[in-house]
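Undergrad: Position 171, counted from 1, in the sequence shown is what our numbering calls 171; the numbers after and before it change by one each time, with no gaps.
Incorrect hints may appear among the rest.
So the derived label-pair ranges between C-beta atoms look like this [claimed, not checked]: (1) 162 - 234: 23 to 29 Å; (2) 98 - 248: 20 to 26 Å; (3) 240 - 165: 17 to 23 Å; (4) 44 - 79: 34 to 40 Å; (5) 47 - 149: 24 to 30 Å; (6) 162 - 141: 15 to 21 Å.
Cross-link-like lysine to aspartate or glutamate pairs, in silico, EDC-like; alpha carbons within 16 Å at most [what the hints assert, rightly or not]: (7) 195 - 157; (8) 35 - 182; (9) 118 - 157; (10) 35 - 159; (11) 35 - 134; (12) 118 - 182; (13) 35 - 169; (14) 216 - 33.
Read the hints as simulated data drawn from the structure, not as lab findings. Heads up, the beta-carbon is just placed ideally off N, CA and C, and yes, glycines get one too.
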Amino acid sequence: MSEERPVVDEKGSACRESGASCCGTAAGAAPADVKALVREAYGRIGAGERQGCGCGCGSAARVSAHLGYGTADLSAVPDGANLGLGCGNPTALASLQPGETVLDLGSGGGLDCFLAAKRVGLAGKVIGVDMTPEMIERARDNAQRGGYINVEFRQGDIEALPVAGASVDVVISNCVLNLVPDKARAFGEISRVLKPGGRMMVSDMVLSRPLPAWVKELGSAYTACVAGAALRDDYLRLIREAGLGDVDVLDERDAAAMFVNANDPLVSRLLGGNALEDLRGAVLSISVRAVKG
1 MSEERPVVDE KGSACRESGA SCCGTAAGAA PADVKALVRE AYGRIGAGER
51 QGCGCGCGSA ARVSAHLGYG TADLSAVPDG ANLGLGCGNP TALASLQPGE
101 TVLDLGSGGG LDCFLAAKRV GLAGKVIGVD MTPEMIERAR DNAQRGGYIN
151 VEFRQGDIEA LPVAGASVDV VISNCVLNLV PDKARAFGEI SRVLKPGGRM
201 MVSDMVLSRP LPAWVKELGS AYTACVAGAA LRDDYLRLIR EAGLGDVDVL
251 DERDAAAMFV NANDPLVSRL LGGNALEDLR GAVLSISVRA VKG
């Protein structure tokens, strides 16, 4: 595959050839710049400028159904909670129990928080953390409209969670950690907030091989949960190095094929032309479980 590819904007038109950029770049960017890029992109979604972006763009219902979310679950949450941003279904795999405290990292519109709240019941508690003010506002509004009294949303950074140590039974996250510049620090924070014996259940994007340079340089490929993804083996190693054990990959899929099969038009436009076909087998969606000893 050629490294020289035109980059397209969200409307599908070429916005740069190799060289100067008008889309923004991710490769070599400082962590603060990467966070600003992510905050801006997802802030627009949270504010309702468009539905879907990043890890599951297009029709939210179609993408979520393809990931295994049931019709009954999706119909039970407030309108606007499901933004179609996931790449898995961690809530379904987390084996949540009544009375547990659950932390959702990158909680977005609140979909997984609301599903978790039903499973842990009123004796339990769910905390959603998101760095984007617009998402927090949207999620809080959804919680109020849905009458959820065991869910709260906190604005914060996954690399420095606004959560007390050893206070959480389960950490979940859906296609978010790939967006975090310092993944080692993020997994360290997960380990910190988990109680001894607590568990992590995350769905995320990883790579089976390094990406071509043209993808890593594209800002929209970062917010599409591709350019910031770590190599699969490195990702699992970082989890173990954070002090989490019993690391188990419960589900693994070709993410490019998944988005093609879900007929996800915005991801195709963000990456440009036949990029999804080019990236088949390189970008994986995995769901990983780990336990704090």
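Undergrad: Hints numbered earlier in the text: which of these fail when held up against the supplied structure?
TA: 4, 7, 9, 12 and 13
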